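Chemist: Heads up: the sequence lines are chains A and B, in that order.
So the number in our numbering is just where the residue sits in the first sequence, counting from 1, plus 215.
So the number in our numbering is just where the residue sits in the second sequence, counting from 1, plus 215.
I should point out that these hints are in silico values taken from the structure, not numbers from a laboratory.
This list has only true hints and no planted wrong ones.
If chains are identical, the list can't say which one is meant, so a pair holds when it fits in one copy or spans any two.
Straight-line alpha carbon distances no greater than 25 Å define the calculated SDA-like cross-link-like pairs of lysine to any residue that follow:
(1) 443 / 422
(2) 444 / 420
(3) 443 / 419
(4) 444 / 385
(5) 474 / 320
(6) 421 / 464
(7) 444 / 392
(8) 443 / 433
(9) 390 / 431
(10) 390 / 322
(11) 271 / 389
(12) 271 / 370
(13) 271 / 397
(14) 474 / 417
(15) 443 / 420
(16) 444 / 474
(17) 421 / 443
(18) 474 / 391
(19) 278 / 251
(20) 443 / 418
(21) 390 / 421
(22) 404 / 461
(23) 474 / 392
These numbers were taken from a predicted model, which means no experiment stands behind them.
There are 2 protein chains.
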Amino acid sequence: MAEPDLKTTQNSSPPQPGQLQPADLAYLATYQASDYERPSVTVDIVILTVFEQDLKVLLIRRKMPPYQGLWAVPGGFVGIRESLDEAARRELREETGVEDVYLEQLYTFGNPDRDPRTRVITVAYFALLEAGKVKTLRAGTDAGEVTWWSMYKLPELAFDHRQILDYTLQRLRGKLGYSNIAYQLLPEKFTLTELQRVYEVILGEKLDKRNFRKSLSIRDLNQPSDNKKTYMLEELPETRPGGNYGPTKLFRFIDRVEKIIS
Amino acid sequence: MAEPDLKTTQNSSPPQPGQLQPADLAYLATYQASDYERPSVTVDIVILTVFEQDLKVLLIRRKMPPYQGLWAVPGGFVGIRESLDEAARRELREETGVEDVYLEQLYTFGNPDRDPRTRVITVAYFALLEAGKVKTLRAGTDAGEVTWWSMYKLPELAFDHRQILDYTLQRLRGKLGYSNIAYQLLPEKFTLTELQRVYEVILGEKLDKRNFRKSLSIRDLNQPSDNKKTYMLEELPETRPGGNYGPTKLFRFIDRVEKIIS
DNA sequence: TAATCGAGTGTAAGTAAAACACTTTTACCG
DNA sequence: CGGTAAAAGTGTTTTACTTACACTCGATTA
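Using the sequences plus the hints, can you model the full thing?
Modeler: Structure representation (structure tokens):
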């Protein structure tokens with residue numbers, strides 16, 4: 216486990232804490248960026264959406280070994296000049312064609328034997344897609360079949376992807392309780408029943424309609440807005456005609472960015 | 216961004232979903248584990264403890280460029296046959312000598328320019344050490360000074376380590392609310408005041424003594440235990456003599472494993 | 001024996017959570 | 001055109017939790 220001086224490594228864009236010092240550049244020149252075995256690094260993207268009253272995940276059937284014929288989460292290598300987020304977005308785009316969606320880093324899986332070919336460390340992400348927006352799945356370059364599967368009725372999965380999906384569901388359920396991420400799975404305007412279905416499908420349990428609505432902190436259309444409160448939803452002046460029943464009110468999320476709800 | 220077939224990679228130990236198929240081994244033989252640039256992968260460990268009524272983090276002064284003279288979180292390369300957790304434990308052992316402590320993966324930082332020398336992706340962990348247990352800091356092989364710093368009065372940090380520490384505190388504060396991780400920062404037996412100090416130091420605010428105690432779900436020493444409830448703490452039959460005041464009751468966590476508290 | 005220091009303890013008010021059922025609107029059908 | 005079906009919409013009660021708040025007890029020391 217002999218390692219070079221490259222110890223306590225780090226430097227990222229957003230917070231730039233210490234500036235590079237002159238000596239750094241001199242040292243940079245002498246640094247040999249090789250000489251010891253490096254793992255491959257990939258990103259895997261758990262792509263989720265809701266339709267048919269179910270939580271769906273996009274899986275690809277592997278047409279090559281290892282795990283040929285089994286289903287896997289889409290993923291690929293991280294480019295040498297690409298951030299992890301960029302790599303994840305690129306994979307997502309290649310797989311689904313979508314660009315501006317919610318993407319969150321989940322966990323990094325790095326057991327040495329998780330890929331039988333070579334050492335591969337994967338940074339898992341999950342993405343939330345607006346329900347029913349992505350019908351058209353471009354069968355990716357090297358992908359065999361690409362299909363939406365129910366998160367509750369999964370096929371046999373390759374690698375440790377079962378573990379990745381289990382962990383995704385756990386994270387998603389947790390965040391549903393204290394954030395507004397559900398907006399990522401709905402179009403801008405929606406009914407409260409549609410929102411409740413999203414919650415139910417993710418949590419895997421039926422919810423009480425009245426209690427669910429009370430829990431939402433809705434800014435009423437023509438009530439004076441309480442400035443002390445932070446609202447999650449806003450009632451719209453429009454309604455949507457029901458089928459063989461009355462019209463239903465439409466709502467929207469006030470903030471379409473990730474937010475912790477008090 | 217041309218990539219080989221090694222797509223949707225994965226396979227880990229705990230949940231072994233799909234078994235290796237015969238064809239896999241044949242393919243394995245033909246696989247060339249190189250041919251494209253790979254990033255270096257490191258683990259960085261945010262080592263935390265509580266003493267002097269303060270939340271402390273272990274930092275190392277860099278004696279080499281880049282960021283020479285600035286302070287950094289301990290870390291090092293992931294061995295090619297080592298899991299991420301193993302690498303983190305090894306670094307922790309090398310830095311502090313401790314073995315059996317709480318260690319949790321935090322986040323993976325991978326901006327391409329976070330290390331000016333070469334592409335380095337780091338998987339950040341945080342460790343919680345029992346208050347006052349680790350006095351003896353072995354100055355690591357290549358480390359300059361090694362010091363405990365207050366999380367609230369940090370020196371200038373190398374790389375993106377400021378970001379890592381900020382995120383650690385955020386995670387720790389969150390978990391304090393719904394889990395029993397605080398036990399990682401205390402010896403087996405402790406007083407409620409000691410426990411409250413840990414909470415206060417992490418949350419960065421004073422708490423009300425009576426309300427804090429009510430929130431703890433304590434199994435009373437000689438009360439019949441309510442089987443419906445899940446207790447976090449247990450009162451012990453012992454007390455500790457106070458200085459110039461009365462004796463104080465001792466308590467312990469019923470479960471010394473990570474647990475979600477209802 | 002008086003003063004100091006921290007430990008230990010209860011109540012009331014307000015807020016949040018859970019359980020629970022009927023009415024309204026529209027479309028469709030006989 | 002009257003009845004039925006289907007989903008939307010809406011309040012109250014009870015219970016549990018959260019918050020705010022102040023005095024007494026026990027031991028030591030001067």
